[in-house]
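On the provided structure of chain A, position chain B as indicated by the hints.
Protein chains in written order, with full-length UniProt numbering: chain A, 1 to 227; chain B, 1 to 227.
One thing to keep in mind: the hints can contain errors.
The list treats identical chains as one, so a pair stands whether inside a single copy or across any two.
[Said to hold, decoys possible] Listed below are the simulated SDA-like cross-link pairs for lysine to any residue, each with C-alpha atoms no more than 25 Å apart in a straight line:
no., residue 1, residue 2
1, Lys196, Thr41
2, Lys116, Arg37
3, Lys196, Arg186
4, Lys196, Pro185
5, Lys196, Arg24
6, Lys196, Gly206
7, Lys196, Gly111
8, Lys196, Val134
9, Lys116, Ala172
10, Lys116, Arg186
11, Lys196, His91
12, Lys116, Gly206
13, Lys196, Glu36
14, Lys196, Arg76
Honestly, the hints are just simulated from the structure, not real lab data.
Residues per chain are reported as follows:
Protein chains: 2
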Amino acid sequence: MRIVLPLFDGFTALDLVGPYEILRMLPGAEIVLAGERAGRTVHDGVGGLGLVATHARAEVRAADVLLVPGGPGARRGVADPALLEWIGAVHATTRWTASVCTGALLLGAAGLLTGKVATTHWSAVRELQSYGAVYTPERVVTHPGDRLVIGAGVSAGIDLALTLAARLASPAHAQAYQLALEYDPRPPYDAGALAKAPAEAKALLGVADGWGGGIAGTGGTPPGRGA
Amino acid sequence: MRIVLPLFDGFTALDLVGPYEILRMLPGAEIVLAGERAGRTVHDGVGGLGLVATHARAEVRAADVLLVPGGPGARRGVADPALLEWIGAVHATTRWTASVCTGALLLGAAGLLTGKVATTHWSAVRELQSYGAVYTPERVVTHPGDRLVIGAGVSAGIDLALTLAARLASPAHAQAYQLALEYDPRPPYDAGALAKAPAEAKALLGVADGWGGGIAGTGGTPPGRGA
Numbered sequence: 001m002r003i004v005l006p007l008f009d010g011f012t013a014l015d016l017v018g019p020y021e022i023l024r025m026l027p028g029a030e031i032v033l034a035g036e037r038a039g040r041t042v043h044d045g046v047g048g049l050g051l052v053a054t055h056a057r058a059e060v061r062a063a064d065v066l067l068v069p070g071g072p073g074a075r076r077g078v079a080d081p082a083l084l085e086w087i088g089a090v091h092a093t094t095r096w097t098a099s100v101c102t103g104a105l106l107l108g109a110a111g112l113l114t115g116k117v118a119t120t121h122w123s124a125v126r127e128l129q130s131y132g133a134v135y136t137p138e139r140v141v142t143h144p145g146d147r148l149v150i151g152a153g154v155s156a157g158i159d160l161a162l163t164l165a166a167r168l169a170s171p172a173h174a175q176a177y178q179l180a181l182e183y184d185p186r187p188p189y190d191a192g193a194l195a196k197a198p199a200e201a202k203a204l205l206g207v208a209d210g211w212g213g214g215i216a217g218t219g220g221t222p223p224g225r226g227a
Numbered sequence: 001m002r003i004v005l006p007l008f009d010g011f012t013a014l015d016l017v018g019p020y021e022i023l024r025m026l027p028g029a030e031i032v033l034a035g036e037r038a039g040r041t042v043h044d045g046v047g048g049l050g051l052v053a054t055h056a057r058a059e060v061r062a063a064d065v066l067l068v069p070g071g072p073g074a075r076r077g078v079a080d081p082a083l084l085e086w087i088g089a090v091h092a093t094t095r096w097t098a099s100v101c102t103g104a105l106l107l108g109a110a111g112l113l114t115g116k117v118a119t120t121h122w123s124a125v126r127e128l129q130s131y132g133a134v135y136t137p138e139r140v141v142t143h144p145g146d147r148l149v150i151g152a153g154v155s156a157g158i159d160l161a162l163t164l165a166a167r168l169a170s171p172a173h174a175q176a177y178q179l180a181l182e183y184d185p186r187p188p189y190d191a192g193a194l195a196k197a198p199a200e201a202k203a204l205l206g207v208a209d210g211w212g213g214g215i216a217g218t219g220g221t222p223p224g225r226g227a
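Bound-form chain A, shown alone (with noise of 0.2 Å):
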């Protein structure tokens, strides 16, 4: 079970390693951490954290899962057409792609999501939108036939490797790592969506409070950060 996870620079790090910590206890899990060079650092820009890579993109072809992070790199990312060029030779391989955050913006640009119904970070709606795709704000959109499962902003990626754990072993597997992992959510706040959060938590992130996400016909104003 090969479960390869991109790395470039600018890559948020809650979206790959909340995923990691579930799909390493995959029964015969292999994790593949791929950037430029093996053994490089690569850095999320934004906070000083580095992970190094354990294989170079370039040797690896091939994947049982594919899981595409998002973050600032993945928004540069959509303009570099050999990551796109591998995301789809190695999508070619897998039983499943997964992207979690602005990675379905990597998805997009590659191709993969025209005319599918996707989710990303509630900041890139519009860019995901013009990849072809129809914007959902679900948590997890899976695609069985198309071997796609697409996850919304950052800690949405624990809840898509959950549900792509249960598809891979089975639900009791994914239970199982739930338990690991004490994943019991309880929130300080209810502000985790754009409906949902107060205007004064949005003011501090630059979005208006009108703003709809990008969402067509919403209107206002986009944000001036976000992930």
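Just chain B now, kept in the frame of chain A:
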């Protein structure tokens, strides 16, 4: 706002990366990943993931926030006097000292939890009690007078960090970070606690169905693995 996250071999990556993604957004945040040596890769020891230390622990003697992750290395670290001395010395300087998962065992072994209500990963309750702590199955335990905040297993670090962000900045800041991470959890199962997980899932972790997590009086068989 200096946020110090110690790295040791066998740390659980999500214990650290969940809080990191929140605390790095605090106004003026400076992230310090403190390992044996600056620039050295520290491995989680389970899936091949390596994080790079930004500082040597010996250089780091003060912090605004000290957050100690758990993992197999935390269980080993309770026998490392130098690590425990360092935790105690840095704690003396902090606004808040936090632990996630079995990181609580390191705080316990450093003498910080004697007689205090605390939590940890469900598999480590007896070890926590051995340091004189009073276990509670809450997700996040806060002791403002002692500048301590203690989280349950692995994914609880996200809830803990939002709690800390509210105290260090404001509730609106915490809500903004929750929105930035789109932390609106929808686990596909409800198996994230011993009392909720089905017997088949517990059996996959080597946990007998009647086992109560090592809580005094519940009896049963300890788990074969966990965090």
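message = As a check of your reading, is Lys196 near His91 (CA-CA no more than 25 Å) within one copy, between copies, both or neither?
response = So Lys196 and His91 fail the 25 Å test inside a copy (35 Å) and across (36 Å) alike.
request  = Since the copies are identical, ignore which copy is meant and state whether Lys196 and Thr41 lie within 25 Å (CA to CA) inside a copy, between copies, both or neither.
outcome  = neither (37 Å within a copy, 40 Å between copies)
inquiry  = Checking an output row: Lys116 and Gly206, CA cutoff 25 Å. Within, between, both or neither?
reply    = neither (30 Å within a copy, 41 Å between copies)
message = For Lys196 and Gly111, with the copy left unspecified, which applies at a CA distance of at most 25 Å: within, between, both, or neither?
response = Neither: 32 Å inside a copy, 41 Å across copies.
ask   = Under a CA distance limit of 25 Å, which applies to Lys116 and Arg186: within one copy, between copies, both, or neither?
value = For Lys116 and Arg186, the Cα distance is within 25 Å only across copies (22 Å; inside one copy 32 Å).
inquiry  = Within, between, both or neither: how does the pair Lys196, Pro185 come out at a Cα-Cα threshold of 25 Å?
reply    = both (17 Å within a copy, 13 Å between copies)
ask   = 25 Å Cα cut-off: does Lys196 pair with Val134 within a copy, between copies, both or neither?
value = For Lys196 and Val134, the Cα distance is within 25 Å only inside one copy (22 Å; across copies 36 Å).
query = Checking Lys196 and Gly206: alpha-carbon separation at most 25 Å within a copy, between copies, both or neither?
reply = within (16 Å within a copy, 40 Å between copies)
request  = Could you place Lys196 and Glu36 in one of the four classes (within, between, both, neither) given a Cα distance threshold of 25 Å?
outcome  = Result: close neither inside a copy nor across copies, 39 Å intra and 43 Å inter.
Copy assignment of Lys116 with Arg37, given that the CA separation must stay at most 25 Å = Answer is neither; intra-copy 33 Å and inter-copy 48 Å both fail.
key: Alpha-carbon proximity context of Lys116 and Ala172, limit 25 Å   = neither (30 Å within a copy, 35 Å between copies)
message = Treating 25 Å as the Cα threshold, decide for Lys196 and Arg24: within, between, both or neither.
response = between (33 Å within a copy, 23 Å between copies)
Checked against the numbered hints above, the structure violates hints 1, 2, 7, 9, 11, 12, 13 and 14; every other hint is satisfied.
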